[in-house]
Amino acid sequence: MKARIHITLKQGVLDPQGKAIGQALEGLGFDGIGDVRQGKVIDLDLAETDEAAARAQLAKMCEALLANTVIENYSIDLLTS
Amino acid sequence: MKARIHITLKQGVLDPQGKAIGQALEGLGFDGIGDVRQGKVIDLDLAETDEAAARAQLAKMCEALLANTVIENYSIDLLTS
Amino acid sequence: MKAGVIVFPASNCDRDAAVTLAHVTGQSVTMVWHKETALPQLDLVVIPGGFSYGDYLRPGAMAARSPIMRAVVEAAERGVRVLGICNGFQILTEIGLLPGVLMRNAGLTFVSRTVGLTVGTERSPFTRRYARGERLHVPIAHHEGNYLADSETLDRLEEEDRIAFRYTDNPNGSARDIAGILGADRNVLGMMPHPERAADAALGSTDGWRLFAGLVEELQ
Amino acid sequence: MSVDADPEEELTIVGDPSTEKQALDHGLSAQEFAEILRLMNRAPNLTELGVFSAMWNEHCSYKSSKLWLRKLPSDGRHVICGPGENAGVVDIGGGLAAVFKMESHNHPSYIEPYQGAATGVGGSLRDVFTMGARPVANVNALRFGAPDHEKTKHLVSGVVAGIGGYGNCVGVPTIAGEVTFHPRYNGNILVNAMTVGIAPADRIFYSAADGIGNPVVYVGSKTGRDGIHGASMASAEFDDATEEKRPTVQVGDPFTEKLLIEACLELMDEDAIIAIQDMGAAGLTSSSVEMAAKGGVGIELVLDRVPQRETGMTAYELMLSESQERMLMILRPGSEAQAKAIFDKWDLDFAVIGETTDTNHLVLIHEDDCVGAIPLSALADAAPVYDRPYEAPPALSPIMGRDVSEAMPADEALRTLMASPSLASRRWVWEQYDNTVMGDTLQIPGGDAGVVRVHGTRKGLAVTSDSTPRYCAAGPLDGGRQAVAEAWRNLIAVGATPLAITNCLNFGNPERPDVMGQFVYCLEGMAEAAHALRFPVVSGNVSLYNETNGRSILPTPTIGGLGLIDDIDLMMTLAFKAEDEDILLLGRTDGHFGQSLYLALLAGREDGAPPPVDLAQEARVGHFVHRLIRDRLVTAVHDVSDGGVAVAIGEMALAGAVGASLTPDLETMDLPLAALLFAEDQARYCVTVPAQLTETVLAEAADEAVPVTRLGKTGRNSIDIAGCASLSLEALRASHEDWLPKLMSGAL
Ligand SMILES: Nc1ncnc2c1ncn2[C@@H]1O[C@H](COP(=O)(O)OP(=O)(O)O)[C@@H](O)[C@H]1O
Ligand SMILES: [Mg+2]
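Residue numbers (the working numbering), protein chains in the order written: chain H, 2 to 82; chain R, 2 to 82; chain D, 2 to 221; chain C, -4 to 743.
No lab work stands behind these hints, which were simulated from the structure alone.
Even glycine gets a Cβ: it sits at the ideal position worked out from N, Cα and C.
Output of the computed footprint for chain H on chain R, the stretches with three or more beta carbons under 8 Å from beta carbons of chain H:
#1 16 to 29
#2 37 to 51
#3 60 to 67
Taking CB as the label site, the calculated pair distances span:
#4 H:Ala54 / C:Ala726: 48 to 54 Å
#5 H:Glu52 / C:Glu506: 51 to 57 Å
#6 C:Lys61 / H:Thr70: 35 to 41 Å
#7 R:Asp78 / D:Glu161: 40 to 46 Å
#8 C:Arg37 / R:Asp78: 51 to 57 Å
#9 D:Ala203 / R:Gly13: 43 to 49 Å
#10 D:Ala203 / C:Arg422: 21 to 27 Å
#11 R:Gly13 / C:Ala652: 41 to 47 Å
#12 R:Thr50 / C:Asp353: 49 to 55 Å
#13 C:Thr14 / R:Asp78: 48 to 54 Å
#14 R:Leu79 / D:Glu37: 36 to 42 Å
#15 R:Asp32 / C:Arg65: 55 to 61 Å
In the DSS-like style, the derived pairs of lysine-lysine whose C-alpha atoms are separated by at most 30 Å in a straight line are:
#16 R:Lys3 / C:Lys217
#17 C:Lys737 / H:Lys41
#18 R:Lys61 / C:Lys340
#19 C:Lys454 / C:Lys572
Here chain H stands alone, though its shape is the one from the complex:
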């Protein structure tokens, strides 16, 4: 099974990269840009075929390693192909 995990900074947590990207885009002449936030996306292949089990396993991975939930949120999408 293929999975996609998004790890994004929690609301209210400063995102220096997002801020710099927003400014750079404005500098390049793009108009009407509001808030910009940058996060990570992680694509994985899993041997697990059961959806619920896969979801549980991915959540564990996020808690244990992929995200620091003090400042980050994570979300899990399963791409059943």
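Fit chains R, D and C with the ligands to the given chain H structure using the hints.
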């Protein structure tokens, strides 16, 4: 309008960060993990309200700054709320 | 020789480059602010090391799009010598003056150490004072120095004798041990090692000095 | 204090009075709340209570430590500014001053190692450039739990990446530090970051406001809801529930910091700034209160004018936010436009948010209401000071050479020690730090002290950080002395004149008499050593409540030492330089094994009294070594510390890629071989001397009553010990270098 852009390494481009994540997960005892790839996700607020125009603007941003198309692909999602 | 150093927000080797250039040329060095749109009359433009724009998004990505870089590209096309060191090399690849990209180091960590280099070619204004195959010791300090290009590009660089420096003990995973490459017209050099940190006997190595001295000589 | 303009009488202060319960929730005690009621003559509203809690918090008020900090000597010939400002300042001649400071960022680094450590570096940098100095060197002292503890690897990699990520980006070389592993840090790591800067000696900027009606200016990043309880968190004990509470940790923005450094230094070249202060713990509260209180003026802030990153922020949040990369300044009236132009150029926020007043009050305006008015004397001078009860630490007996049986052959012991978590090479750490940016680094990590040239001169600044926590735990008095003495010794060893120290006092819960005893005795030891060695303490920081589930860390007073090398040609290094030179041990060896690494690693014993520190002897031997370096009589110098003489020789040999043959005359010394090689007696140095100069050195040592032991000669590719054991440098180097990379790659 809110948009989400994914920037991922092109297939065939080595992704040592993804690989390290995979190894770390295995080290933590997670089984059955195949390929792991890491990319960026950028969330933006746009003033533009027309979908096609927004899409065109975002593609321009990706080409102009957000992605290095020598090694990276980008994809654009519009989140109409 | 009249040399200039471009200053981006969070460039941090701009002063180091200027100090070395002032020593070697015996002339004052012009610091050029990134918001400028034109360059003064210069024989050498240095794009210094550092973390322009914090290395946010990708190292060099935002600096490559700043106003002054258009002028730098034009100058390079006119034959002015352009030297990109570390972040400067990243900027030169981002803007397309040099082929390829600099990826995250293979070991994933920042690497700061003095490395061994071999001189790949003496055929350039930057390397004319070195002998091909000569060994040098020069510091590196970077997180994204892992040079990557497709194999045709790498072959072409080799065929055209454009690999200026190679690592003797590859510290970052760079393809074919590449530490620095020349542009097609040989007047643009991008390199990850810092020759300006190896141009003062008190600091350990003077192997970088001849890079600058060669440029001065060539113009005399 | 003037009472003629009491704003409380003219203004209506909005907001409900706060309750004792709210005060307790803010970490104040019931007595402290009662005292606030008395000082205010009314109950503070919530914003005012927040301001009090921040100012009276351990972190800002030093309420448990103040009494004892006064014991540390802070005067000296070179001292321009001692404790009490953002950083200490010492004269380094030639019209220049060195400005330096150490900061702790322990709790945040445990919760979010990358950002916690990164923002720690940011904080220590700001303390230094606030005073007008360009930062030129960073140092970091790190204490982690046991290497095999489940969290250790994650914490090490995050902290080191964070320190590098911040310091490398701002372009300040990291040139020294230390890393300790010990199970007592399992649940509470320590991250202490030090910065050294250089400023014109006659142009130091201070934080005391001056004048009435002068603009109060905010510059840097915008304010968000970052770490609103940060200052309270830094002083609250951890428990397992903390991990669930998930307090916000701030994210550092080194890019903005770099711009802020450049913009502030540019403005400092103009005559525009009256006073300046970074916004550290308790942000706008502590910066505005401290500036006003020090200057004896009032201050009024219009909080709506504070640049804000988020919408709907309350006065309480604006006052207590700990967003990073912000500064507060009092400008000369009329210089606002000039100042703003500089901050605009660097794309930084600039806002006039208030002015100095003659009310002697902190007055806060938000949305046209007065949301706070507190007499400044109540916030600063009236903050509580506690004389906490303490217990004298138990006296342990020394363990001497004859009490210790040889655990294994000397060569094997040396190899084991140098491959151990305590002594293995830290290269994996320091290679993640840019050591050579700024083009003035003369000694990168790996020697006794880092050295940078003072830009454009022939002078050098040497820096080191030292503490031996296991000594401090076993004997706080000698431990305190030893930490200062080792820092002093490390500076001597590179040819520097030790000038002054900064420090981070990391201890457990001061409300426990045994912990308070450790604190009091360590400080006493530090004070004695600082006096005896003329090594005044000019800045520092206290971090208490470092404990988890009631178990405190090892007492860890980290000493950051600064020294001056007058002529960089006289800088010394520890590497063996040539073959066939004589190796001498300077200083007396009695064979003290208490708390030694030899006992801990090879005999599994962490016991006994730490080695005593004889400060007169320390000074005598150190001054002698200093003279030998000046007279060019020695070619390599290394102080003897953890692991003893054998380890010192091993490090010198590896650094120079030249071996040694040790042939000491043990009979005359009346010492077992292991005691000479591995005991941790203090006040000792190993030096090498070209054979033709040895008689001169021996004669001079005799004149100065400095004990000398001839250890042997340099040469070959191995360390040969007393003709019986031999260890190749190649094998030693592999063991020494491999341990940390293996730990971190999971190969152990
Ligand atoms: N975190 C660190 N950052 C930079 N350098 C470090 C760090 N930890 C250790 N080092 C360097 O490793 C060497 C050995 O450290 P240590 O054993 O503590 O030295 P010493 O015994 O002389 O105090 C020193 O040069 C020190 O500066
Ligand atoms: Mg030492």
